[in-house]
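Peer 1: Below, each chain spelled out in residue letters.
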Amino acid sequence: MATMRVPNRLGRFGRFGGRYVPETLIPALDELEKAYHDARRDGEFRRQLRALLKDYVGRPTPLRRADRMSAELGFEVYLKREDLNHTGAHKINNTLGQVLLARRMGKRRIIAETGAGQHGVATATAAALFGLTAEIYMGAEDVRRQALNVYRMRLLGAVVHPVESGTRTLKDATNEAIRDWVTHVRDTFYVIGSVVGPHPYPMMVRDFQSVIGREARRQVLSLLGGLPTHVVACVGGGSNSMGIFYPFRKDPVQLIGVEAAGEGLNSGRHAASIFMGEPGILHGSLSYLLQDEDGQIWPAHSISAGLDYPGVGPEHAYYHDTGRAQYGAATDDKALEAFRLLAQWEGIIPALESAHALAWVIEEQETLRREGARVLVNLSGRGDKDVEQVSRLERRDAHAND
Amino acid sequence: MRTIDQSFAQAREEGRAALIPYITAGYPDLEKLAGLVGALTRAGADIIEIGIPFSDPLADGPVLQKAASQALSQGTRLSSIFEVVRSISRQAPPLVFLTYINPVFRFGIERFMASAREAGVQGLIIPDLPWTEGASLRTAARAQKLALIPLVAPTSTPAHLHAIRNAKGFVYGVSVTGVTGAREVLDAGVERLVRRVKAAVSLPLAIGFGIATPMQAQQVGRLADGVIVGSALVEEIGKEPRRAEENAFKFVTELRQALRNNTAKA
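Those sequence lines, one after another, are chains Z and P.
My numbering applies: residue 1 is where the first sequence begins, and numbers increase by one.
My numbering applies: residue 1001 is where the second sequence begins, and numbers increase by one.
These are calculated hints, taken from the structure and not from any lab test.
Backbone N, C-alpha and C define an ideal beta-carbon position, used for all residues, glycine too.
Any given hint could be a false lead.
From the structure, some residues in chain P lie toward chain Z, with a derived Cβ separation under 7 Å [said to hold, decoys possible]:
(1) A1059
(2) I1101
(3) F1105
(4) G1108
(5) I1109
(6) G1134
(7) T1155
The following block holds chain P by itself, in its conformation from the complex (with noise of 0.2 Å):
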């Protein structure tokens, strides 16, 4: 199985930010999840971010809010994701979780990261959880190997930058002041907050939040190590169900194909 460390230096290699694109399992519908994945993968994804629906996603814009509610109100279970994932995370590239701390904490901190170990699961971001809430969780992730990916944002202070220096995986790094989802204008503050995280941390920076077009992915891949791709996706695959993993392979291979365009690294 490919490591996050790896995926991260094969595109380096190919001089080229790595893709991270986000789905929501259950969203059409968890049957679907395989099958996407597997679009994912085949349209070169280095890195997939399956988000386990929440029902109060208070960092999600309005796509994320609906794919959720939609997933939960069609009774996707924690469960039911984990055996999904546990059947295809072998032919896929590098998976890591997103979800809320609630459902984390609930099912148990050790016994969530055991599950999601076993499911072969390699890391976890939780958007609720700040790094000086996270302790315990950090201490349960290494016991499974699993990278608790820190996130930052451009109002973080040099003292948090300061205090990740020595996580796992990645470096989540959000674009702007808000919720996830589509904008028309990348936030000029993002070559700003590459340069601050680069400046004070070795890991990889992947970039998400508001990252919509194969423009903007390309713009971003050229300041940071990844890119990340969620509401877009999340909003194409929900144009036309039936369709959702056509049209997710179409999507993410042209977004692949604006990274790989993209030589100039800053």
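Just chain Z, with the same shape it has in the complex (with noise of 0.2 Å):
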């Protein structure tokens, strides 16, 4: 299991990674590198970190076996209760270390681009913790999905820009923040959500999330003596996914990545980057993508927003192609019977971007009884967001079979 020290100088993760933005923003980009390299060596800067993640955001988040989930499949199962966050998700790990890196960099203005509302909602939440204002942009049918993640951003002193353009979804408030920053480069931080984007921000991205890996290995350890068997995690642009991927690399541990297989893997309706997409270039870096002949972007589905994206960080292409990490997809179907599982199991409502990768395991579970698994679970979010669409669903569902 060789993993070369990724990414290299240039941004690169072996082919993918890399930093394809217009001229404009390459100086920004040396700025922000020599920034973040500056900052991981300062011990204040780190401290301080620490502190936020302790007494703000509630780390070390609780990792502990689902007890009726583990009988119920005949084998172990752990879940690292990232749901427990401030402000329910993961993304807080990250929003703290950019933020206070703007801070330090003398950066005033804000931006972030957001799918499921997460993203927006951490950023805006550490803006407004050291009284900056974000604005962030969110494609306007995620506006109409997750209309409470949208009025918990006003309600955070954030400025919502919901963006009419493409697909109107992740992608494109994704374009519609980089046009935004290549316009005020020169006094805005770009608060990147997910472990894409041009050189450093995979890096960083992972880097913060980090924080989920340690913890879980070290708890897992304490807890078991021992490593386990599977580290399983949803994967849209991947952050949640690779924070707690990459603390285990080097362990004999089975890493498993769960994209979004929408309607079916062969419906064209489902968000499965890396099962079923070719390598190209999208928001400043090279990966997987799902695109046609030409090189267009193709429109990417998902029952979760969060996971609606038709690209992933170049570090899982990377895992893909030297198979330190396992790709597998669940459909909406079975992401949404994760969820109310998961609820009936263990009292706790899932995301239903981590229903997906509960979904890979209640699926997978036959092999797993039988190989004696005891799997990690990274339960990145919280379904609280996600309730009203599932009841908007269940009521169609009933109404379509009167």
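Put the two chains together into one complex, using the hints given.
Peer 2: Structure representation (structure tokens):
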């Protein structure tokens, strides 16, 4: 399992990654890279971030055996409870790091893209904490799907810009955020929400999210006296999965990323970029992409707005190519089923995103049982934000079956 | 076939900046591409930029976003753009493609360069390919005698200006930090940008982004070797798709006249 130290100086994870952005932004990326490099080595920065993660976010998050789920499935399942973070998901780990860095760099204006709204809320939260104003780009379709998060962002003092172009989802929100950044590059810090974008973002977001895996590894070792056999996490852009995978990368542990299979991998309506995509360049880096023969980006689809993205972080593409991680996919229906099952089994309502990881575990139960698996699932967020959407879907289905 | 260098040389001889209009292939529809290039040629364009529509044009403002999405929703394909361009390039001034990197990458870098050359295209502008990522594309472009045109921005460092000194074709100067699209007032930073580029690079310098009116073209034409007009022309073309050619001809003629009265060069 020889994984090279990545990324290299040019931001490459093997053949993936890089910096494909307008020339205007290159000096800003150089500046960011240097500032991040310095901050990482600065004890004071690290101390501040650690204190915030502990006293503001509530870390470390618990890791606990899911007893009834384990009994139902016939093998051990452990949950890393990122849903218990302040703001309800893992996203805050990264936004606090980046906003702290923005402050250090003297940037007063914060922008971000958001899909489900979790990253938008986490950015707005971090900005509020430091008395900064965040401007959040969100696809108009997602604004509709995730009205509650829009309200939360506005309550936190953020300005939400609905994006009407393209497919009106995360991909288009990201385009618009990059356009804003190109225009206001001198005073604006762009807080990217996943392990995507031009170098150094994929590395930086991975590092900030690695707190998940560092804690989980320590917790699981002390709880079990050994490692899990599998670490499972959902993959949209891939930040919660990379965050938990990274500290396990040198261990004899299977790393499983679960993409959104939407209405089915052959339906043309899914978001499985690694599983179904081809290498391509979008939003600043080379990775797997859903695209046609002319390189036009295909609209992604997933019931979960947070996974509804046609690309994936370049380090995941690299893990896929080197075989360090395996990638599976779960459909909308299976994710919904897992959403309900976890609520009933464990009294935990997972985010629809995280439900994809659970769905993979449930789907693969026979094999995992046979192997005597000990599975660690990253429960990346809580499902409060999804309850309204799921109940609406149930009413629609009930109506259709009348 | 006239070359990019010859186009700039001729404009210089005439004591004016070269005029470089931009149109999106497939807007308002691909059948009009040949006619539009003809109209721009008759109106006195020195070089013509043909945009390959892309689904996610993150360097473009609303006008060019809309043009690209309309072109794509009508089924404009790369292969048909190559085909149309091949049929018109002999009668046109030098043609350059403006394309985002992914269509090139997906098509295959070498194959794209070969097809572009075969279609009679002389250069490529790729707004989301910074110079530092372009080594393999420059090699492939050179092999087909295509110019991979470097971009410079108001934020560009001296190191970047130094790195592009041996580039081919011309330098594309982005007048403002921002995306394409008309602006009411030209950015005051243009003069400084021109001075910096001129001091570092001997290639001709054309300025684009935000130049929308004959008056603005004239202003920029006093400073730079070339003036690029995109969004304003595409908007003109979109107003009345049935009269696209006439309106394009009229607008570009006005731009060209504005440059003609333009002898005082910096």
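Peer 1: Going by Cβ atoms only, is P/G1134 closer than 7 Å to chain Z?
Peer 2: violated, 10 Å
Peer 1: Holds or violated: P/I1101 as interface residue toward chain Z, Cβ cutoff 7 Å?
Peer 2: It holds, given that the least Cβ distance between P/I1101 and chain Z is near 5 Å, below 7 Å.
Peer 1: So, as I understand it, the hint says P/G1108 touches chain Z; can you test that by seeing if any CB pair is closer than 7 Å?
Peer 2: Violated, about 10 Å.
Peer 1: Taking the least C-beta to C-beta distance, is P/F1105 closer than 7 Å to chain Z?
Peer 2: holds, 5 Å
Peer 1: Does P/T1155 hold up as a contact with chain Z if the rule is Cβ-Cβ below 7 Å?
Peer 2: holds, 5 Å
Peer 1: Let me know if the C-beta of P/I1109 comes in closer than 7 Å to any C-beta of chain Z, holds or violated.
Peer 2: violated, 11 Å
Peer 1: Would you settle whether the hint for P/A1059 is holds or violated, based on the nearest Cβ-Cβ distance to chain Z being less than 7 Å?
Peer 2: Interface hint status for P/A1059: holds (5 Å vs cutoff 7 Å).
Violated hints for the displayed structure, listed by number in ascending order: 4, 5, 6.
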